[in-house]
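Protein chains: 2
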Amino acid sequence: MQRYFVTPDNLLEDKAIVRGDDAHHLMRVMRAQPGDKVVVSDGVRRECLAEVVELYKENVLLKLLEERPMSGEPSVDVWIAQSLPKGDKLETVIQKGTEIGATAFLPFASARTVVQYDAKKEAKRVERWRKIAKEAAEQAHRSKVPDVRDAMRWSEMLRVAETARLALFCYEKEDGKRLRDALREAGPLAGGGPILVIVGPEGGFTEEEAAEAERRGCVPVGLGRRILRTETAGLVAAACILYEAGEMGG
Amino acid sequence: MQRYFVTPDNLLEDKAIVRGDDAHHLMRVMRAQPGDKVVVSDGVRRECLAEVVELYKENVLLKLLEERPMSGEPSVDVWIAQSLPKGDKLETVIQKGTEIGATAFLPFASARTVVQYDAKKEAKRVERWRKIAKEAAEQAHRSKVPDVRDAMRWSEMLRVAETARLALFCYEKEDGKRLRDALREAGPLAGGGPILVIVGPEGGFTEEEAAEAERRGCVPVGLGRRILRTETAGLVAAACILYEAGEMGG
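Listed in order, the protein sequences are those of chains A and B. Residue 1 is where the first sequence starts when you use the working numbering, and the numbers rise one by one after that. Residue 1 is where the second sequence starts when you use the working numbering, and the numbers rise one by one after that.
Careful, some of the hints might be misleading.
To be verified - Pair ranges (Cβ atoms, derived):
{"no.": "1", "chain 1": "A", "residue 1": "R128", "chain 2": "B", "residue 2": "D9", "range": "46 to 56 Å"}
{"no.": "2", "chain 1": "B", "residue 1": "L65", "chain 2": "A", "residue 2": "K120", "range": "44 to 54 Å"}
{"no.": "3", "chain 1": "A", "residue 1": "K131", "chain 2": "B", "residue 2": "D21", "range": "35 to 45 Å"}
{"no.": "4", "chain 1": "B", "residue 1": "Q33", "chain 2": "A", "residue 2": "E208", "range": "23 to 33 Å"}
{"no.": "5", "chain 1": "B", "residue 1": "S155", "chain 2": "A", "residue 2": "G193", "range": "46 to 56 Å"}
{"no.": "6", "chain 1": "A", "residue 1": "E67", "chain 2": "B", "residue 2": "S155", "range": "22 to 32 Å"}
{"no.": "7", "chain 1": "B", "residue 1": "R19", "chain 2": "A", "residue 2": "H24", "range": "48 to 58 Å"}
{"no.": "8", "chain 1": "B", "residue 1": "V114", "chain 2": "A", "residue 2": "K57", "range": "23 to 33 Å"}
What the hints assert, rightly or not - Straight-line distance between alpha carbons at most 27 Å, and here's what the computed BS3-like set of lysine-lysine pairs gives:
{"no.": "9", "chain 1": "A", "residue 1": "K86", "chain 2": "B", "residue 2": "K63"}
{"no.": "10", "chain 1": "A", "residue 1": "K86", "chain 2": "B", "residue 2": "K134"}
{"no.": "11", "chain 1": "B", "residue 1": "K121", "chain 2": "A", "residue 2": "K86"}
{"no.": "12", "chain 1": "B", "residue 1": "K134", "chain 2": "A", "residue 2": "K134"}
{"no.": "13", "chain 1": "B", "residue 1": "K86", "chain 2": "A", "residue 2": "K134"}
None of these hints come from the bench; they were simulated from the model. Backbone N, C-alpha and C define an ideal beta-carbon position, used for all residues, glycine too.
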């Protein structure tokens, strides 16, 4: 069933209002008629089965039929910290990472990040990333929209890593841990704090960054003998962590 | 270290010749000079450390320094059978699936496949897919190039499925197995026959297809509660199977 996220102030006691692009999608793409059923969620606390009541020019009025459990969220929070990749690769990471079940994305800049910053463009880019997360969450039947943070500096990312329950640093080193060992040493995965997966840019992390991350408590892990592209590594790690946690059919 | 696949007749006893796009890449992109080291493989039996000896206009002569074990291949063969998706999504599946470690891709048509066939375009498309697999294998440090089959019919795909050791049919059904249970019931993963992951098109499989697949021995499996796009499902399944088999850091 089609699902839409609305802001909490558009999800009232017994009705909801779908606006903007979602209203366009519901009316023009899905060709909704009064009586059609959809799922509506505020992405925070409530998810409801609802029925289309009235189609207006730019929004759609829904009647709430019943509250439903927010069942689309995984039992473990996986956050993907991704050093800004070239082109539209971060869009791939956010779209597919949302399908897989990541709950937050933290873009950051590191020594070998080649993407140029532009404060004006920055706000637009983050807005676009958040839209991609929302649309992917709707399509994947998530109950919440993953959080897309503003791009941050390496030092800020490390501060976030220190607050995570487990910060996994994707880095090929001789004595790096296997992902599974790092996860099992962390104890039961479900219900704890977030597990942060930290992925470098196309050129990888510098040795200095790897050493600093390890000093700050990050655990270097390997994802096997094949070399994954920057936009693939976080997705694979997230899928394997969720599989290990009993999600993804695991 | 940069790696190139050459056909077996270009990998001789003590030298190798890199031709075509790879020669262009080595000379123009990597700006190779005599003495530079690369890895060269025939993708079948041999992998060697080699040194650039001479740069010609359209090919590069290498001297073989030592034979190396073909270490980039996973211990279990994962094949991805993908109902032809729209646009360039199959390219994503082949590129990322190669990085993850799939050893074959089997594009097929099923009832809800919307891609139109065109015999003339078909050969070009398959050629392009094979080029993507080769380049991804080089970048990911694979020892072999995954096999990309010609697009096949549903009935042909089912015949391949019957020869697989385990054919997993990605389909959401009430009494479907969890991926992990299906894998563990199949016994030790390493070294056996191929594990085939069968993924439907954007609109999914029909009930008739699901019933037929099950009659022919395919095992319906679920990948969790979130809905994965067609181009994401096979990649996630491959990553989880390889993780379960002790690859991908598992």
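Here is what the structure says about each hint:
At about 49 Å, the CB distance of R128(A) to D9(B) agrees with the hint of 46 to 56 Å. Take L65(B) and K120(A): their Cβ atoms lie about 52 Å apart, and the range 44 to 54 Å holds. Taking 35 to 45 Å as the suggested C-beta distance range, the pair K131(A) and D21(B) conforms, at roughly 37 Å. Range check, Q33(B) to E208(A): about 29 Å between beta-carbon atoms, so the 23 to 33 Å window is met.
Taken as a hint, the range 46 to 56 Å holds for the pair S155(B) and G193(A), whose Cβ atoms sit roughly 50 Å apart. Hint check: E67(A) to S155(B), Cβ distance near 46 Å, so the stated range 22 to 32 Å is violated. The supplied range of 48 to 58 Å is met by R19(B) and H24(A), whose beta-carbon atoms lie about 52 Å from each other. Checking the proposed 23 to 33 Å range against V114(B) and K57(A) shows it holds: the Cβ atoms sit about 32 Å from each other.
Taking the CA atoms of K86(A) and K63(B), the gap is about 35 Å. The hint is violated against a cut of 27 Å. Only pairs whose Cα atoms come within 27 Å are accepted, and K86(A) paired with K134(B) is accepted, the gap being roughly 22 Å. For a cut-off of 27 Å, the pair hint linking K121(B) to K86(A) is broken: about 31 Å separates their Cα positions. Pair hint K134(B) plus K134(A) does not hold up; C-alpha atoms about 35 Å apart against a cutoff of 27 Å.
Using a Cα cut-off of 27 Å, the hinted pair K86(B) and K134(A) holds, with the two alpha carbons roughly 22 Å apart.
Of the numbered hints listed earlier, those contradicted by the structure are 6, 9, 11, 12.
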